[in-house]
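Hey, can you piece these two chains together into the complex? The hints should help.
Here the protein sequences come in this chain order: A and B.
Under the working numbering, the first sequence has 1067 at position 24, and the numbering climbs by one with no breaks.
Under the working numbering, the second sequence has 232 at position 231, and the numbering climbs by one with no breaks.
Do not take every clue at face value.
Said to hold, decoys possible - With a straight-line cut-off of 25 angstroms between C-alpha atoms, the simulated SDA-like cross-links for lysine to any residue are:
1) A:Lys-1088 to B:Ser-190
2) B:Lys-166 to A:Pro-1047
3) A:Lys-1088 to B:Thr-48
4) A:Lys-1088 to B:Ala-46
5) B:Lys-225 to A:Leu-1048
6) B:Lys-166 to A:Val-1058
7) A:Lys-1088 to B:Ile-40
8) B:Lys-265 to B:Ala-315
9) A:Lys-1088 to B:Glu-47
10) A:Lys-1088 to B:Val-39
11) B:Lys-217 to A:Thr-1051
12) B:Lys-225 to A:Thr-1051
These aren't lab readings, by the way, just hints derived from the structure by calculation.
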Amino acid sequence: MIQPLRQTHFRIWAVLPVLLALLFVAGLLVRRPTLPRNAGVHWEKYK
Amino acid sequence: MRVQYQAIGWNRQKKIYDSVLIAGVVSYLAIFTGAGFVIYPTATAETLLIRAFGTLALLLLHIILCIGPLCRLDRRFLPLLYNRRHLGVTTFVVALVHGVFSIIQFHALGDVSPLVSLFISNTRYNSLANFPFQALGFFALLILFAMAATSHDFWLHNLSAPVWKRIHMLVYVAYALLVAHVILGALQSDTNAALAVLLGLGLILVSVLHLLAAAKEWCIDNLKVRAAEEGFVEVCDVDGIPEKRAAVISLEGERIAVFRYDGKVSAVSNVCRHQNGPLGEGRIIDGCITCPWHGWEYRPENGQSPPPFQERIATFRVCVKNHRVLLDPHQLPPGTPVEPARIEEPLHD
Chain A
1044 MIQPLRQTHF RIWAVLPVLL ALLFVAGLLV RRPTLPRNAG VHWEKYK
Chain B
2 MRVQYQAIGW NRQKKIYDSV LIAGVVSYLA IFTGAGFVIY PTATAETLLI
52 RAFGTLALLL LHIILCIGPL CRLDRRFLPL LYNRRHLGVT TFVVALVHGV
102 FSIIQFHALG DVSPLVSLFI SNTRYNSLAN FPFQALGFFA LLILFAMAAT
152 SHDFWLHNLS APVWKRIHML VYVAYALLVA HVILGALQSD TNAALAVLLG
202 LGLILVSVLH LLAAAKEWCI DNLKVRAAEE GFVEVCDVDG IPEKRAAVIS
252 LEGERIAVFR YDGKVSAVSN VCRHQNGPLG EGRIIDGCIT CPWHGWEYRP
302 ENGQSPPPFQ ERIATFRVCV KNHRVLLDPH QLPPGTPVEP ARIEEPLHD
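The following block holds chain B by itself, in its conformation from the complex (with noise of 0.2 angstroms):
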C-alpha cells in the first residue's frame, strides 16, 4: 500500500518471488532445450527454442489461473497470488519470444510482410486439422499483452476497478485461445502423447479447482440468517470467530466480514478497494484489517484505512447478545465510524 505510484514496490517478498519465478524460467528453459537435443538430436535449435517458449507460456499460465482458486480453496497458497501481476507479465514475455520466433521462423523469408503472411498463408478456416492456428495465438498475445500494459495500480485506479476487471477477466479468452492454438497446432503433428496428456490433464486441474472454488462461494451466499429483534440478524456465535480474524456471511448478495479482536466485534464490506479481495479471509495487524491480496489496510471500528491514506470501506452496525453475534444488514456509507460491539464475559460463579 503506498501513497505515490513506482514502477514496483520492492519488498522482500517480491524479490523472493521473482527470483524464485526467474530461476523457474531459466531452469525450464535450459532443461526443455537440453533434453531436445538428446532426444531430437536432428531438431534444430530455433525449433527447440520455439518449442520450449511456447510450452513454458502455457505452463506459466495454467499456473496463473491455478492461483485464484487454490487461494479461495486453502489460504496457504495466498502468497503465490500476492505477486502474481509479475508471473502475468512474465507469461506476456515468454508468449512473445515464442511467438517472434515463430513468425521469423516460418514467416519472414516471403515476399510479404510477415504479419500479413501470418494471416494469408493458409487461410482452410473451414477444416480442424488444417486450421491456422497460428492466428489464435496471435490474439491471445494480444490479450496477454492488453493485461500486461495494464497490470499496474496506475491503471487499476485510472481505468476504474469496474472496467480493469473486464480487461483481465480477458485471461479466460487467452487461456482458451491458446489451449485451441495448441491443439489445432502442435497436437496435430507432434507423435508424441505427452502434450495431449499433459494438456487434457492441466484442463482438468484449471476446471475442477475452478468449480470447486465456485461451489465453496455457492455455499457461503446461501449460509441462512435468523432474524432477530430490531432489523438485526443473528450471524454467528462469537465463539466461532478466531482472536483477529473473521466471519464472512453474505446478507442479500453482499459479503460482510465479522471481525473480533480484543473482546470486541465489528463489522465491514467483506470487498476491498484495491482489487475486491476478500478482506474477511485477512487479519487484524497492527490493529487494521489487512488485505490477504496485496496487504491494503483498514480500521475495523471506522473502515477508513490509516493516514495518509484515504481509502474507505462500507461499515455495519453489530451487537453481542449472549454470545451471538447480531448484525444490521443496512451498509452504512464508506467510512462510517460505528461502535465495536464488547463481548460479555461469561458469568463466573
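Pulled out of the complex, with its shape left as it was, chain A reads as follows (with noise of 0.2 angstroms):
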C-alpha cells in the first residue's frame, strides 16, 4: 500500500471502531422488551 492509502486506513480504523462501539452499546440499552404484554395467550390455539 501507498503511504496516503495507509493513513486513510489509519484514520478510518482509528474512528470507526469507536463509532460503532457507542452505537453497539446504545442499541443494547434501548431494547425493546420483547416479552409481550400478553405472553399468556397463545393464538395458534384460535386458528
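And the structure:
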C-alpha cells in the first residue's frame, strides 16, 4: 500500500470502532422488551 | 497476470478457493436452517432463510475485512487474499438474496411498490429503538453491488487505480451500515444473546486486527536510516535479507523493496502496478519479483514486467559496502535499468 492509503486506513480504523462500539452499547441499552404483554395467550390455539 | 481480459482467469488455486467457498456457503445455510427448524419449530421457512442469508453475509464481510490485516501481520494468510474478490462477489450475492427475501416478505403485499414501502413504512428516524434499519441494509447492498460490479481487472484498468481503490474502500462504509442495520434491527427484537455476543466479538476482532496492522506499518515507516557517502543512505545489512526475498524500508514516505538474489542486490518500488500490493513481501521466482497478492511479475534489475507485459515500476541505485546495503533515495523513472550491486564475498585466510 502507498502511504496516503495507509494513512486513510489508519484514520478510518481509529474512528470507526469507537463509533460502532458506541452504537452497539446504545442499541443494547434501548432494546425493546421482547416479551409481549399478553404472553400467556397462545394465538395458535385460536386458528 | 494476463495480456487479455477474461471473465475469470481460472487456475488450480482459484478452483480450490471457490470450491471451499461454495462448500462453506452451502454448509452454513444448511446447518443454520436445519438447526433453526429444530430450535424454533414455529418459525417459517422464509424467516429462517432471511436470517440464514443475512447472518452469512455479515460473517463473510467480517472474514473479508480480516484477510487484509491478517496478511500484513502474517504472510501465511496470503493465500486467502489471492481470490478475495470472489469472496466479495459471493458476499454481495448472499446479501442480495437476504434483501430480496426480506422485501418480498415484509413489503410486497401492500398497495405501493415494495421499494417505496421500504422507505415510507417506517419513518421514525428520531428513535433509536424503532429506527428504520432496513434502509441502512439497502444502502449497504448498493455499495456491495458497486464493488462486485467493478471487481474485475477491466474496471481497475479503465477507472484507474486511485478511483478503483476509493470505490473499494467504501467497504468500510458498507460494514458500518451493516453493523448498524443489525444493531438497530435484529438485535432489537432477538431474545437470543448469541447474536449480540458474536456481533460484539466480530467488531472487536476486525478493529484490533486493523489497528495491529496499522501499528506494524507505522513501525516500518519510522525505521531510521543513516546517511552515507555521495547521497546514498545506509539501509540494512545484506545478511539480514533472505535469499530471493527483500527487506522493505521507507524513505520520505516511499516504500522501497531491496531484493537479494544470486549474489546480487537490487532495489525497486515496493508498490505493485496492479493493486498497490507489497512487492517486498513477495519473492523472486524464475528471475522475477512476484507480487504476493496476485502474482504480477517484474525483473529486479530494471523494474519491467517480462514480455509481452508492459508494466514498469521505479528502480533505485544501490551498492553494497562492508556487507551494508547503501541506497540512493532518488527514484529513477519506472523501468530504468540499474546494474545490480554485487555482494562481495568475505575474505578467507
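Here's how the hints hold up against the structure:
1. A:Lys-1088 to B:Ser-190: 24 angstroms, holds
2. B:Lys-166 to A:Pro-1047: Holds. Lys-166 of chain B to Pro-1047 of chain A sits at ~12 angstroms (cutoff 25 angstroms).
3. A:Lys-1088 to B:Thr-48: Answer holds: Lys-1088 of chain A to Thr-48 of chain B is near 21 angstroms, not above 25 angstroms.
4. A:Lys-1088 to B:Ala-46: Answer holds: Lys-1088 of chain A to Ala-46 of chain B is near 21 angstroms, not above 25 angstroms.
5. B:Lys-225 to A:Leu-1048: 22 angstroms, holds
6. B:Lys-166 to A:Val-1058: It holds: about 20 angstroms lies between the C-alpha atoms, which stays within 25 angstroms.
7. A:Lys-1088 to B:Ile-40: 20 angstroms, holds
8. B:Lys-265 to B:Ala-315: 18 angstroms, holds
9. A:Lys-1088 to B:Glu-47: 22 angstroms, holds
10. A:Lys-1088 to B:Val-39: 21 angstroms, holds
11. B:Lys-217 to A:Thr-1051: 15 angstroms, holds
12. B:Lys-225 to A:Thr-1051: Holds, because 23 angstroms separates the two Cα atoms, which is no more than 25 angstroms.
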